[in-house]
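Trainee: Sequence:
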Amino acid sequence: MRQFYFLFLFCCLWATTLLAQTVVDPNLNGTPEFPFTYLDQFVEANNGGSGSDNVYLLARGGTYFFTSRATWDFNVEFRADGDEMLPRPLVSRINLAGGPPQDMYRGFGDLTFDGIYLVPGDEGPEAVQYETGSIRPSGDSTQITFRNCVIEKDRQAVLRLNATNVSILFEHCEIRNLGDYEKFQGNGRVVTPRVTFPDSIIIRDCYIHNLLDRVYIGFRQVGLNYFEFTGNTVYNHIGRHGFFQMKNTRETIIQNNLFINPMMQGTTPSLANEQISHFGEQIYLFTLDTLVDGGSITMSNNNLFWNEDVLNQLNSIDSVDVPNVLSPLFAEQLENPDGAFFTEVLELNNVPSRAPLLTFAAESVATRASSGLTNIMVEPENLNTNPSNPYVFNFANYDPCFNLEAYPASATGATDGGPVGARWACTYINSAKELTYNPSLELKATPNPVQDMTQLSFHTFERGVVKLNVHDMNGRTVARLLNTELPAGLHTQEWDALRTLPAGMYLAHLQTNSGRMFIRIVKK
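For the sequence shown, the working numbering gives the first residue as 39, with consecutive numbering after it.
Careful: at least some of the hints might be erroneous.
What the hints assert, rightly or not - Cut-off 20 Å, straight-line C-alpha distance, at most; resulting in silico cross-link-like pairs (PhoX-like, lysine-lysine):
1) K562 <-> K482
2) K505 <-> K482
3) K562 <-> K505
To be clear, the hints were calculated from the coordinates, so they are not data collected in a lab. Only a predicted model underlies this, so the values are computations on that prediction, with no experimental measurement involved.
I would like the entire structure built from these sequences, with the hints used as guidance.
Mentor: Here you go:
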């Protein structure tokens with residue numbers, strides 16, 4: 039079976055080379071000062087309303103928006119193109135009339151994102167309903183692919199299926215910030231099949247972090263032919279309802295992964311009440327709800343552990359303990375349960391802190407409230423629009439790797455004799471590719487959201503001309519704040535003309551000799 043899915047992946051790659059290719063200009067709807075393009079409108083205009091398969095080449099460094107829910111019945115691929123030294127093209131959503139945007143995609147054809155910085159959900163505590171599965175493929179027997187992408191922010195899951203016999207691939211991606219903002223109930227998974235029967239789900243060589251719920255949930259799925267989770271690094275995981283919950287799956291492979299502090303919320307049955315087979319009982323990281331005749335599970339060569347600070351917290355709360363790893367039924371399906379994982383405690387080189395997640399975990403056990411808990415979403419410094427948010431990280435210095443010499447078991451623990459966990463970022467990552475603009479400029483607005491006045495601050499690193507303008511979501515310039523030469527250093531600029539503007543979202547755009555960046559400003 040596994041060889042068949044390798045063939046499937048090859049066919050996916052080969053097929054994409056046969057499609058027509060169309061370059062999407064990165065400034066069809068913005069201005070020279072703040073360029074962007076309405077991506078869904080371009081696709082629909084390009085297809086003339088009739089629809090045809092196509093590969094759309096998005097410019098690296100460009101910004102693209104979905105303005106409405108796409109329900110296309112043709113195959114679409116969005117692929118990064120251009121100078122590889124520039125950041126990934128950003129694809130997100132806006133509502134041209136104001137208010138929360140619609141879902142991004144409910145189409146009926148194949149869908150591929152390749153080399154994209156994808157933000158399918160809303161981005162802050164102001165987000166209405168916190169988004170529920172913005173990408174929902176609705177075509178049976180289709181292929182959905184995410185490759186070389188950074189994906190973040192969606193309440194329910196990156197992918198929620200509305201169709202059957204779908205083949206899904208996540209490969210060489212960073213997946214982060216899934217779940218509600220400041221909401222206890224809030225989900226947050228990579229894939230949720232709901233009540234469908236997918237053909238295959240493959241998650242390979244990905245970094246997955248800051249998740250509120252399970253990595254994978256199959257408890258409602260009718261069935262699944264093939265599930266593969268190999269060579270991934272998972273850290274900063276809360277585990278609202280568990281970790282992996284399998285059901286009705288014919289072949290499951292879980293190998294070569296690095297599982298760091300899984301389910302930091304610990305074993306509190308009342309907080310994991312969707313583990314059907316063990317309701318109100320013990321909590322396990324890996325559970326199996328229903329067997330399939332002839333089904334199999336292969337699990338080996340995984341490093342799974344908890345760091346000392348996490349263990350200390352779990353052991354200090356009376357109602358909480360460290361989760362058991364394998365449920366009895368899951369373990370029974372393994373040829374060698376003792377070989378399912380090993381333990382070598384390590385730290386990654388430079389990743390977002392787990393301290394805010396430990397705080398969240400302790401609060402959730404203590405209060406069991408439905409809202410008002412700590413925000414577990416880590417914001418890139420250059421995109422953070424809330425100056426009071428303490429949980430930010432400079433992804434320009436992101437290093438989710440470990441010292442091979444210091445941790446020999448993990449360095450050689452994979453089935454091929456190499457390191458366990460995801461590898462792509464440890465060999466050639468240029469983390470600036472993950473950022474839309476230069477984070478070291480540190481453009482911020484205080485306060486934000488704002489009513490009448492806000493103060494923008496930023497750093498420059500050399501003397502030169504600095505431009506700072508504000509645009510509405512149609513690209514129109516609503517304020518020209520700076521166009522002058524400034525020395526290196528910290529600078530501030532007041533913007534006090536907001537009272538004349540309608541409520542909504544605006545974008546402050548900074549241009550310097552050291553690069554450019556933008557932030558979103560919300561006018562109440």
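Trainee: Let me make sure I understand: some of the numbered hints might not hold for this structure. Which ones are they, in numerical order?
Mentor: Violated hint (a single one): 3; every other hint is consistent with the structure.
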